[in-house]
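Peer 1: Okay, here's what each chain looks like letter by letter:
Protein chains: 2
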Amino acid sequence: MARLPKSELCVVLVSGGMDSATVLGIAAFLGYSIAAIHFNYNQRSKDKELQAFDALCDFYGVKRKIAVDMNFLSVIGGSALTDDSIAVPDSLPETSEIPLTYVPFRNGIMISMAAAWAEVIGAKKIFVGVVEEDSSGYPDCRESFIKAMEEAVNLGRKPESELRIVAPLIHLRKAQIVKIGVTLGVPYELTWSCYHGRERHCGKCPACRLRRKAFSEAGIPDPTVYEQ
Amino acid sequence: MARLPKSELCVVLVSGGMDSATVLGIAAFLGYSIAAIHFNYNQRSKDKELQAFDALCDFYGVKRKIAVDMNFLSVIGGSALTDDSIAVPDSLPETSEIPLTYVPFRNGIMISMAAAWAEVIGAKKIFVGVVEEDSSGYPDCRESFIKAMEEAVNLGRKPESELRIVAPLIHLRKAQIVKIGVTLGVPYELTWSCYHGRERHCGKCPACRLRRKAFSEAGIPDPTVYEQ
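Which chain is which? The protein sequence lines are A and B, in order. Residue numbers 1 to 228, in our numbering, belong to the letters of the first sequence in order. Residue numbers 1 to 228, in our numbering, belong to the letters of the second sequence in order.
One thing to keep in mind: the hints can contain errors.
For chains that are exact copies, the list does not tell them apart, and a pair is met inside one copy or across any two.
Stated by the list, open to error - Straight line, CA to CA, 20 Å or less: simulated EDC-like cross-link-like pairs of lysine to aspartate or glutamate:
1) Lys158 x Glu132
2) Lys158 x Glu199
3) Lys158 x Glu133
4) Lys158 x Glu143
5) Lys63 x Glu132
6) Lys125 x Glu143
7) Lys204 x Glu8
8) Lys125 x Glu199
9) Lys147 x Asp58
10) Lys65 x Glu8
11) Lys179 x Glu133
12) Lys63 x Glu217
13) Lys158 x Glu217
14) Lys65 x Glu143
15) Lys179 x Asp54
16) Lys179 x Glu8
17) Lys147 x Glu162
18) Lys213 x Glu8
19) Lys63 x Glu8
20) Lys213 x Glu189
Hints in this document: simulated from the structure, not taken from any laboratory.
The task is simple: from the sequences and hints, build the whole structure.
Peer 2: Written out as C-alpha cells, the structure reads:
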C-alpha cells in the first residue's frame, strides 16, 4: 500500500470496536490526515464505546474528531441494543437471519452524516469498517448497499468532487482482520466489542463471541479480559 | 387520485413549510394513515417551524409524530441557515448556483432517519416535499438523488418489503403547488417559510421571496403577514 501526502483528508467512522480500529490503523498506515467521527445512539455500551473512541484517537494522534448523538435511534426503538424491552441474545444468530441487535438503517444514517461532515471539511473519502460476511447478517453491511449509498451521496452533494466510500474490510473474515490489524500495530486492547456496557467484556453476547473467535482463529493471543 | 384503506401507513416529512404542508394534504386526501416526522437542526427559524409542524399535525389529526433533534448539522456548520458567521442572503441566488443556505446532504440524512422509523413502525412509503425546479438549486432535491436514495434504503433494510420514496411535487413549480394545495384545503396560514425566526415572515429572504411569488403567480391571495 502506497503512502499518500499527509495533506489528503479522510473521514473515518470509529465505533470503538475491532473493525473500525483496524480501519483507523489502515488509514493511518496509508498516511491520510484523519478526521474521526463516532456515533452514540444510547446503546447499552455507549460509555465504553466512547472511551474506546477517545483512546484510539489519542493513540493515532487524531485531533479532528466529533462524537454525534443519535438518540433518535433509541427513541424509535426496534433493536435489542437500544430497546430495554428486547433482551440482548446470548448466542450467535443463524446465518441469513437478521439479528435482534440490528438497528434499522444505522449505517445509512451514519454514512449520511459522515458525508455531510466530509463536505464541510473537504474530505474526499469516508472509511468505514463494515464487514459483509462472517460478522453480521445486517443488510446495511452489504457491498451492494455501500455502493448504492455512495451513488446517492454523490448525487446529493455539491458536484465539485466525488466522495468515495472505502470499506477495506468488507470481504474479509474476522480472523483476517485481526491478522492485518496486528501487523499494522492496531491496539486492540483499547477497543470495545461487548453489547453490554459493564466494566469488562461479558464474553457471552454475540459481539464477544465473535471477538473471541477472531483471535482464536487468527492464532493470536486475545488481550481482552472477559467476565467469563 | 384513488383513496386507500385507512390502514395503509406512511411517513411524511413535515418541515412546516408550504411544500411539506401540501404533501401532508396530499397524503391525507389519499386516505393514508399518517406518521409525521420533523427535523430541527438548530436553524434560525427552528421554533417557528416546530410550531408550524405541530399546528399542521393538529389540523390533519396526526397523532403519531416525532420531532428529531439534528444539532449535529449546526455543529459541523457550513450553511447560512445554521452558522451565525454566514449571513442569510437577501436575494434569490442565480440559477445553477448552489445557495449559501444549502445544508450539506440534509435530505439524505432526513430520508435515512425517516427510513429507519418507517421500518420500525411498518410504513411502506415515505412522502417528501422536495421540489427539483424553481425553488432550490440544492443537489439533494433532484429526482436522480431521490431515486438513488430509495435504492440505497432498500438495499440497507430488512428485505421483507420495499420502501417507496414518494415525492409528488418534484417536477412542479411553486405556483402549481399552491394551486393544488388550495384545492385540497391545505391551511397555508399555519405554515412557516422565512429563514429568520422572528415573529412575522421577513418578506425579503430567499424563502419569503419564493413564498410571495408562489401566491402571486398562482393568482391566490397570500394569507401571510410580512414585516415588509
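Peer 1: Take the hints in turn and mark each one as holding or not.
Peer 2: Outcome of the hint check:
{"no.": "1", "hint": "Lys158 x Glu132", "in the structure": "between (29 Å within a copy, 15 Å between copies)"}
{"no.": "2", "hint": "Lys158 x Glu199", "in the structure": "neither (44 Å within a copy, 33 Å between copies)"}
{"no.": "3", "hint": "Lys158 x Glu133", "in the structure": "between (33 Å within a copy, 16 Å between copies)"}
{"no.": "4", "hint": "Lys158 x Glu143", "in the structure": "between (24 Å within a copy, 15 Å between copies)"}
{"no.": "5", "hint": "Lys63 x Glu132", "in the structure": "neither (30 Å within a copy, 39 Å between copies)"}
{"no.": "6", "hint": "Lys125 x Glu143", "in the structure": "within (16 Å within a copy, 24 Å between copies)"}
{"no.": "7", "hint": "Lys204 x Glu8", "in the structure": "neither (41 Å within a copy, 41 Å between copies)"}
{"no.": "8", "hint": "Lys125 x Glu199", "in the structure": "neither (35 Å within a copy, 42 Å between copies)"}
{"no.": "9", "hint": "Lys147 x Asp58", "in the structure": "neither (31 Å within a copy, 40 Å between copies)"}
{"no.": "10", "hint": "Lys65 x Glu8", "in the structure": "within (16 Å within a copy, 42 Å between copies)"}
{"no.": "11", "hint": "Lys179 x Glu133", "in the structure": "within (17 Å within a copy, 52 Å between copies)"}
{"no.": "12", "hint": "Lys63 x Glu217", "in the structure": "neither (34 Å within a copy, 52 Å between copies)"}
{"no.": "13", "hint": "Lys158 x Glu217", "in the structure": "neither (45 Å within a copy, 30 Å between copies)"}
{"no.": "14", "hint": "Lys65 x Glu143", "in the structure": "neither (26 Å within a copy, 33 Å between copies)"}
{"no.": "15", "hint": "Lys179 x Asp54", "in the structure": "neither (23 Å within a copy, 54 Å between copies)"}
{"no.": "16", "hint": "Lys179 x Glu8", "in the structure": "neither (27 Å within a copy, 50 Å between copies)"}
{"no.": "17", "hint": "Lys147 x Glu162", "in the structure": "both (13 Å within a copy, 18 Å between copies)"}
{"no.": "18", "hint": "Lys213 x Glu8", "in the structure": "neither (35 Å within a copy, 45 Å between copies)"}
{"no.": "19", "hint": "Lys63 x Glu8", "in the structure": "within (15 Å within a copy, 48 Å between copies)"}
{"no.": "20", "hint": "Lys213 x Glu189", "in the structure": "within (16 Å within a copy, 61 Å between copies)"}
Hints 2, 5, 7, 8, 9, 12, 13, 14, 15, 16 and 18 from the earlier list are contradicted by this structure; the remaining hints agree with it.
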